[in-house]
Amino acid sequence: MDSGREKLWFGFRTICMSVVSSAVIIGGSGLAVEAAILDGMMGGFEESMGKRAQEKGEQLVIGDFYPAESPDSHGPIGMMGDHTHNQGEFMFTYKYMRMFMEGNRDGTNNLSKADVLRDFFVAPTEMTTQMHMFGFMYGLNQTVTLTAMIPYVLKSMDHETRTGVKFTTKSSGFGDIRLGSLVRLYAFEAPSIGSHRFHFNAAVGLPTGDIKATGATPLGVTRLPYPMQLGSGTVDLFPGLTYSGGLGRATWGAQAIGTIRLGDNSQGYALGDEYEVSAYGAYRWADWISNSLRLKWKDWADYEGRDPNITRTNPAGVPLVPTALTGLRGGERLDLLVGVNILFPEVMGLENHLGIEGGVPIYQNLDGPQLESDYTFFVGWQIIN
Amino acid sequence: MRKVLSYACLATLIFIGWVTMAQAYDVAEVRDGATITGRVTFSGKPPEPLQFEVEKNLEVCGHQRSLEKVEALNGLLKGAVVILEGVESGKPFAKQDFQGKAPGKGTFQYVGGETLGLRVNTENCNFGPFTGVLTPDEAVRFGNKDSIKHVLHTFVALDTRGNVLRTLHNRDIQPDGSFDRVFDSGKLKDSRLIRMTCNRHDFMQNWLYVVKNPYFAISDEKGQFVIDNIPPGHYTLRAWHPVLGLQEQEVHVLPGKALGTDFAFSG
Chain A
-8 MDSGREKLWF
2 GFRTICMSVV
12 SSAVIIGGSG
22 LAVEAAILDG
32 MMGGFEESMG
42 KRAQEKGEQL
52 VIGDFYPAES
62 PDSHGPIGMM
72 GDHTHNQGEF
82 MFTYKYMRMF
92 MEGNRDGTNN
102 LSKADVLRDF
112 FVAPTEMTTQ
122 MHMFGFMYGL
132 NQTVTLTAMI
142 PYVLKSMDHE
152 TRTGVKFTTK
162 SSGFGDIRLG
172 SLVRLYAFEA
182 PSIGSHRFHF
192 NAAVGLPTGD
202 IKATGATPLG
212 VTRLPYPMQL
222 GSGTVDLFPG
232 LTYSGGLGRA
242 TWGAQAIGTI
252 RLGDNSQGYA
262 LGDEYEVSAY
272 GAYRWADWIS
282 NSLRLKWKDW
292 ADYEGRDPNI
302 TRTNPAGVPL
312 VPTALTGLRG
322 GERLDLLVGV
332 NILFPEVMGL
342 ENHLGIEGGV
352 PIYQNLDGPQ
362 LESDYTFFVG
372 WQIIN
Chain B
622 MRKVLSYACL
632 ATLIFIGWVT
642 MAQAYDVAEV
652 RDGATITGRV
662 TFSGKPPEPL
672 QFEVEKNLEV
682 CGHQRSLEKV
692 EALNGLLKGA
702 VVILEGVESG
712 KPFAKQDFQG
722 KAPGKGTFQY
732 VGGETLGLRV
742 NTENCNFGPF
752 TGVLTPDEAV
762 RFGNKDSIKH
772 VLHTFVALDT
782 RGNVLRTLHN
792 RDIQPDGSFD
802 RVFDSGKLKD
812 SRLIRMTCNR
822 HDFMQNWLYV
832 VKNPYFAISD
842 EKGQFVIDNI
852 PPGHYTLRAW
862 HPVLGLQEQE
872 VHVLPGKALG
882 TDFAFSG
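The listed protein sequences derive, respectively, from chains A and B.
In case it helps, the numbering used here puts the first sequence at residues -8 to 376.
In case it helps, the numbering used here puts the second sequence at residues 622 to 888.
No lab work stands behind these hints: they were computed from the structure.
A virtual CB, placed ideally from N, CA and C, is assigned to each residue, including glycine.
Be careful, since some hints might not be right.
One side of the interface only, derived from the structure: several residues of chain B facing chain A at Cβ under 7 Å [stated by the list, open to error]: (1) E735; (2) T736; (3) R740; (4) T781; (5) N784; (6) V785; (7) L786; (8) R787; (9) N791; (10) R792.
Chain A side only, calculated, beta carbon under 10 Å to chain B, not exhaustive [what the hints assert, rightly or not]: (11) G35; (12) M40; (13) D55; (14) P198; (15) D358.
Work the whole structure out from these sequences, hints included.
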């Protein structure tokens, strides 16, 4: 990385750290913020919008973040922090995620098993990652929604050696707990222009996931390579911005979220920083069901440093497996996902949402050899008081 | 330099305190209080009541509800808020109760005394009458006697016709729950119009006018209003209805006298 870009990146990280820390502190301290952050600061814009609304005989409403209870009042289930809550409202979420990867790729080119085994003693052939996520959101006041998410992760990776031996490694346990705040920024709506809402996402990932997971391999019980570890081992920041809009039966939204790793973990390395951008549109067919289509772009960097306990070569000095090299972890991918949201009748005053979303990559460029993604699937149940 | 700054800060604080005190209403004995009585009339055809198919909590709210925004019978308008502006000291706030339109049983209860003491008692999916008043910087207690949750959403109107609204509060009122909310004068700015809705039940709509003294009345089913015990003086008398707008007239009340005046709205 050249020094100019490095300085820019450092500046960006510093800003993100300050903003995320402030937002989390605001949320955590329970300050009674009474209105969205930008309320009252958009005078000129509101004046012109107000005039336009009056000319059309419409009502312009500013600062209303409350979406009507409908299936599309939440974004696709695969998104996190897509909506905020009113003061005193809480939401419990159980979400299941499954990601399946099969075959290797370098750049945008597929690699055969033989291609990988030419340079490495072991080739990963497929990997399944499953995550059970238990989430909680609470409307602390009119501006801040607190969020918490505890993941339970299960990973399984199949391999084949040059000698034709096949083996599978597995790891499971709690991942990194994520705590954060969603901070309402600004919202406005009128019948002819629809509703438009903006909020800031700020979260901190705590290093609760195991980064010393071990498993049985042909070399004996060893520390598993990087993608089989359950956490990052670092404190991570997740700053982001979310927009959601709606008009009639259509809703849409966009979200940009970054992942910034603070320092190295106790094993001497750091996962790469990431960012992802999602844009979606949804259509409500009836009061209880809506469908969504989402494009998700994700870019993630190679790891920095290395864990000396992860074996890099076999006894003959041949590079062991691509997943043991921190320089072969980065990549970028564009996923296309289709989803359905269903709103169920209330039970004991509790609102129930079911969300299902699944998608496939339509583009992926990996610092390979690296396993390529085949599909991602989410299903989640949300209960709101 | 530091000394000058200290004096400047002190002077600012004294000024702010003086301004704040100057704007507050003081309860004081009224001698030779005057009375203003009158009627609020309406000419034309009032808009048809809005009809709503209830979508949520039918067991509590019923299957259908209507909202009559302009209640006029034989040319007499109910629910107009009549306010006497500019009285800075005088009688205490009166204790008053106003019932929402059936089948709702919600009430606006004014506890009275040194302050207005508005209590919004929500019952049968009804906050209370279509119009009411509140005072700035004083806690309003919102209660919910229903077995279901309501989502209280209040807005301040940024224009005179209530076409540009800004959210003030947006909060769930749990079954049998209550909480206090202050309508901060800083956020109201110069606006006097507050809209109140329930985000879950769109037929629950009410309007409140921001008053700064107890000299107000709400016209009854005969369109009549009475404001009594007024300190003699020159004031502005306003009549406001959320749909029909605002009218005002200058009045001069004489010690111990009764003044009759009417307001006429048209549709």
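Here is what the structure says about each hint:
{"no.": "1", "hint": "E735", "in the structure": "25 Å, violated"}
{"no.": "2", "hint": "T736", "in the structure": "21 Å, violated"}
{"no.": "3", "hint": "R740", "in the structure": "19 Å, violated"}
{"no.": "4", "hint": "T781", "in the structure": "11 Å, violated"}
{"no.": "5", "hint": "N784", "in the structure": "5 Å, holds"}
{"no.": "6", "hint": "V785", "in the structure": "4 Å, holds"}
{"no.": "7", "hint": "L786", "in the structure": "5 Å, holds"}
{"no.": "8", "hint": "R787", "in the structure": "4 Å, holds"}
{"no.": "9", "hint": "N791", "in the structure": "5 Å, holds"}
{"no.": "10", "hint": "R792", "in the structure": "4 Å, holds"}
{"no.": "11", "hint": "G35", "in the structure": "13 Å, violated"}
{"no.": "12", "hint": "M40", "in the structure": "8 Å, holds"}
{"no.": "13", "hint": "D55", "in the structure": "5 Å, holds"}
{"no.": "14", "hint": "P198", "in the structure": "35 Å, violated"}
{"no.": "15", "hint": "D358", "in the structure": "47 Å, violated"}
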